[in-house]
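Put together the whole structure using the sequences plus the hints.
Just so you know, the protein sequences line up as chains A and B, in that order.
In terms of this note's numbering, the first sequence is residues 1 to 501.
In terms of this note's numbering, the second sequence is residues 1 to 318.
Among these hints, one or two may not hold up.
[What the hints assert, rightly or not] Below 30 Å or equal to it, Euclidean Cα-Cα: the simulated DSS-like pairs (lysine-lysine) are: (1) A:120 <-> A:51; (2) B:119 <-> A:272; (3) A:321 <-> B:209; (4) B:300 <-> A:265; (5) A:421 <-> B:209; (6) B:300 <-> A:382; (7) A:270 <-> B:300; (8) B:119 <-> A:344; (9) B:209 <-> A:376; (10) B:209 <-> A:344; (11) A:369 <-> B:300; (12) A:345 <-> B:209.
Keep in mind the hints are simulated off the structure, nothing from the lab.
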Amino acid sequence: MKKDNALLRLIKLRKSFPGVIALDDIDLEIDRGEVHALVGENGAGKSTLIKSVVGAYKKDSGEIFFDNQKVDFNSPAQAFQSGISAIYQENSLIPQLTVIQNIFLGAEQFTTLGIIDEKKIYQQYLEITEQMGFKLSPHEKVRDLGVAEQKLVEILKALIHKAKFIIMDEPTASLSANEIEHLFKIISELKSKHISILYITHLLGEVFRIADRITVLRDGKKIGTALTKELDQEKVITMMVGETLKDAYTSKFTGSKKPQNTVLKVENLKRKPRVNGISFEARTGEVLGIAGLRGVGKTELSRLIFGADKLESGQIFINDKPVKIQSPLDAVNYGISLVPEDRKKDALILMLELYKNITLPTLAQFTNKGVISPSKEYAAAKQAIEKLDIRTSGINQITRYLSGGNQQKVAISKWLQAEPKVLIMDEPTQGIDVKAKVEIYSIVRKLAESGVCIIFISSEVPEVIKVSDRILVLSKGKITDEFYQGVTQEEVMRTILKKSK
Amino acid sequence: MKKKLDLKLTGYWNLISKNGILFIFLLLCILLSFITPGFLSWANIFNVLRQSSIVGIMAIGTTFVIIGGGFDISVGSLLALTAAMSVGLQHHMHWSLAVLVVLIIGALFGFFNGFLAAKIHIPAIIATLGTMTIIRGLAYLYTGGYPVYVEAPDFAFIGAGYLGPIPFPIIILIIMVALWQFILVRTRFGRYTSALGGNKEAARLSGVKVDYYHILTFVVGGLMASMAGIVYASRLLSVTPLAGQGYELDAIASTVIGGTSVAGGEGSVVRTLIGVLLLTIIANVFNLMGVHVYVQYVIKGAIILSAVGFDTYSRFRQ
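Shown next as structure tokens:
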């Protein structure tokens, strides 16, 4: 192999999860001192790629060369020791420790007596902050810092640990315009120190400002890598979403009905900082898609309507009557159900049997004076399994052992017995394979045709377009646009990407 | 093919780990019946059951609390207070009324524990550490630090009477185990208890009134502790404020040895009973062998750690 300028080189990196190939033989090179952008829609494989490189996931096959050496990290900690530092959206600092303690965690200097050498550490801290042009108060606790400052602390920590390669995952997600400018300055500073950066983002505006090269992923495949100056925004969007959308996965349903009466109306819903005044109406038998990037308030909106979080202000109407929803139980009683985003954390009780999960919200239907009738309960559970074609060894299977797609079907099926008027689904196809996705789309359509109002929340634009009668675009906690069936994927994508900048 | 085999093996493993306690229990019984003649005699069986009855009744409540995701270490103190009161109150009222009052008091303290844990969000072990101390203090205040006595043959029947050849406390124990096992597996309350212990947020987002049921599990804990207190008082007819010390540990140990997960969600009242019997038999054997009581403490602690360690480590592996 030629002695080259590549700091990180991936050769045919492959990673699959049950039923889905998350990374399909990815080749990638990142040069020394390069800012390399990795873009792609949600589910394209960006985070899987990072996690496979740093050893959070075990790759199936392929080779990774770092600094001209073949590596195979067992854990992110090992990668960190070797000079690869990953800065995720959620920070990995210890909130109770001070800035300086966090930065030097694991790299403390000791006196001959084995006591931490505070003076020396402080000296080093001053040097590095001066070099980078930061101003932080070193003895402040990290939990008292803003998001932007925490990012700086993470970058400093990476530098102190002699990182050669820094991965930044959506680093500007919650930063203000000024803070973003500062971050970009820091990135060029890092670049001049010959540190390579892999910059992962949705926001194409940023990419064109700072990246030397851009790599686009789609559906676990690398679509291409090119110099930034050879590309423009249009081209990248086309690469991200694909030119032809003919396959079944993206084909649209046909034959939607005329809109019926409004079943749910929300007015000026607010809960800072993520939901900043949202109003919309949703109708019986309609699939209302809500699209937008991650972190724009989609999940928070769904939790507000469902009563999982307290409303700060605003009003919800069911069938034109104002209602007060103070708990999920209230919402259920008004005919609203929620399939939450994080099925393992918020929807399922993994250690319990399948049937217990399916009947949990509607247990009252199978009880007489508080005593459960097993025959009725089992029958209902069996029916639910058949209806949604949940693949399982039986109603007694422990829910933990089902595949992601089947778990998601359980999370949906538990509400069907409740016969909701409004079913909110938050990222219902996240982390499941394509076949299960298609099944979920058809479930959504069938439910809508039977008269349920479905609010389909997703950050994957193609599927929102596929299932929805109408689409609302959410950005920074507000609804910015409305589209109707027939809109193209590019139109929606463009709106989302432009509005977010 | 290999996957199928793995699945089969996991199946067996689940069966064993779920019922392992039963195997160990039966094994020990068989072993002892060879070593100690008369071990399987009715007299001895009744003896073991009667010795287990007080902690056994208490442990039913502990099982509910732990399945619901909580923890209650105040039940030993509560036994002392309720036992003392069930004796003391008889100087002012009929014994049956005293029993009723004491059960209500037990339930109220359980409610208080549940309120602290569910509504004030104090970690349950800390909340009940506080109430454990308070209730023990109340027991001292109520008795003035001295044993309280009563002469009451009717009341004494509860703890010392026989129904035919069977000691009455055993009958209470068996009925309670059957009743609460039924409640656990066949009622809405039981189902919601394991749901909220398994994943409180998922239960809440399924429309379950989680705080209400969380508190209710502690009420069961308090109720069963006071019932254990009544049996204790009726057996001895004299109660000191030191009564029931360490019983909470026996109750918790029996529960986890019986396979109830300390993480909540899973468990069984029947298996808790087996846990209680196992501990009683082990203690008996040690006494027969002349093992010093100090050593018994060490061994009991090791048994608890092994049972909990088995549960948490296999959970971690998952």
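So, going through the hints one by one against the coordinates:
1. A:120 <-> A:51: Between residue 120 of chain A and residue 51 of chain A the Cα gap is close to 34 Å, so the pair fails against 30 Å, i.e. violated.
2. B:119 <-> A:272: At roughly 24 Å apart (the allowed maximum being 30 Å), residue 272 of chain A and residue 119 of chain B satisfy the hint.
3. A:321 <-> B:209: With a Cα-Cα distance of about 25 Å, the restraint between residue 321 of chain A and residue 209 of chain B holds, given a limit of 30 Å.
4. B:300 <-> A:265: Violated, at about 61 Å.
5. A:421 <-> B:209: Within the cut-off at roughly 21 Å; holds.
6. B:300 <-> A:382: violated, 45 Å
7. A:270 <-> B:300: Answer violated: residue 270 of chain A to residue 300 of chain B is near 56 Å, above 30 Å.
8. B:119 <-> A:344: holds, 25 Å
9. B:209 <-> A:376: holds, 23 Å
10. B:209 <-> A:344: Holds, because 20 Å separates the two Cα atoms, which is no more than 30 Å.
11. A:369 <-> B:300: violated, 42 Å
12. A:345 <-> B:209: At roughly 18 Å apart (the allowed maximum being 30 Å), residue 209 of chain B and residue 345 of chain A satisfy the hint.
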